[in-house]
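S.K.: Go ahead and model the full structure; you've got the sequences and the hints to work with.
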Amino acid sequence: MGGGRQESMKVTLNGMSIDLRSNCTVAGLVADRDLNPRQIAVEVNQELVRREEYLQVQLVDGDIVELVSLAGGG
Amino acid sequence: MGLANAGGREVTAKKMDSCDQSGATDLTEPDGPLKIGSKRLTNRLILGTGRYDSFELMQTSLVASGTECVTVAIRRERLYDGEGRNILDFLDLNRFILLPNTAGCYDAETAVRCARMGREILRGLENPGADWVKLEVLGDSKTLLPDPIETIKATEILVDEGFQVLCYTSDDPITAVRLKKAGAASVMPAGSPIGSGQGILNANNLKIILEYLKEGDPEYPVIIDAGVGSASDVAQAMELGADGVLLNTAIAHARHPVQMAMAMKAGLEAGRLSFLAGRIPKQLYASASSPEEGVISTRPYQ
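Line by line, the protein sequences give chains A and B.
Each residue of the first sequence is one higher than the last, beginning at 1 in the numbering used here.
Each residue of the second sequence is one higher than the last, beginning at 1 in the numbering used here.
Keep in mind that the hints were calculated from the coordinates and are not lab data.
Even glycine gets a Cβ: it sits at the ideal position worked out from N, Cα and C.
Check each hint, because a few of them may be wrong.
Listed next, the stretches of chain A that the computed footprint assigns to chain B, with coverage defined by at least 3 CB atoms under 8 angstroms from CB atoms of chain B [stated by the list, open to error]:
hint, stretch
1, 18-25
2, 46-58
Beta-carbon label-pair distances, calculated as ranges [to be verified]:
hint, chain 1, residue 1, chain 2, residue 2, range
3, A, Q56, B, L276, 35 to 43 angstroms
4, B, E215, A, G28, 49 to 57 angstroms
5, A, G28, B, I157, 30 to 38 angstroms
6, B, E219, A, M16, 45 to 53 angstroms
7, B, T110, A, S22, 25 to 33 angstroms
M.R.: If you want it as structure tokens, here you go:
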């Protein structure tokens, strides 16, 4: 999290390495994937990011992001 | 023989009628809701939403069971199934309280992270289940038995963070007591391993758990979670005095899930009523139901 200066960066999203434009926020990541923010939760480096903070939290190179939703379970 | 004429039948019918009316007052005593923390459930069955062949089958089965609370898992985003559909499109959030679980977590730290993410999603959905969690911290992938130490640790952290924690645990009474002391809103001992369909393997331990946890606190909710195979298992759990039953696979993998959901509903009602009604004590010897007086035979033996 924090500011990033490169053109692009690598983050790990749900266990997979992906390229992202630098300065991408959590809000941008969610919007790029066409997800309904009400139905998901996001964690960056094992810390929960509240929905109200998506616009403020900027991802940086090497961040580990978990993006989860509900699934059937017992 | 007594039905020889129409007049006789009429008299009998009138008598039956008056008997029904006098008995009815005793039958109307209502059962209270299941209280878990700040929540109230009028139906005592909690169902899982996993392992169904289709979302449609899940939806119909949940409705047929009468449940008003269903568990859901938190998983890496794959919002859509193969046909581009989301489980949320098949769960009426006005009907069901969602109970997010931490299934698949093997340590307290991961389970706590999972619970926080579940709460975040349910807040987004504005579902009343947002502040509770079904805590599951496993110790072994073959038996899916819980890790008691990690479960207690996670319970303490989550209670501190304001969660109402419903704890999946084994049928060990000592762990159950520790979980209640740690602040669990409900302790949920397993009847047998998750998905095994073995029913209740150690009824005596469950009786001890019920006695210990309800001592001086009779409304403390104890829910039998896991191992149910058929409706009689649900009835047995309720007859033991459990406050509710949580199950998934026994319905989802039944040959006819909707029929099994109806059976589970009936089993739960039968077991609950039987518990409230109070069973007769078990005795070694027989006790005749028909009067001893006026028997026309003689006894061959004393």
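S.K.: Hint by hint, say whether it matches the structure.
M.R.: Going down the list of hints, with the structure as the test:
1. 18-25: violated (count 0)
2. 46-58: The restraint on the stretch 46-58 of chain A holds, since 4 of its residues have a Cβ under 8 angstroms from chain B and three suffice.
3. A:Q56 - B:L276: 35 to 43 angstroms: Given about 54 angstroms between the Cβ atoms, the range is violated.
4. B:E215 - A:G28: 49 to 57 angstroms: holds (55 angstroms)
5. A:G28 - B:I157: 30 to 38 angstroms: holds (32 angstroms)
6. B:E219 - A:M16: 45 to 53 angstroms: This hint holds: roughly 48 angstroms between Cβ atoms.
7. B:T110 - A:S22: 25 to 33 angstroms: holds (30 angstroms)
Consistency with the previously given hints fails for numbers 1 and 3, ordered from lowest to highest.
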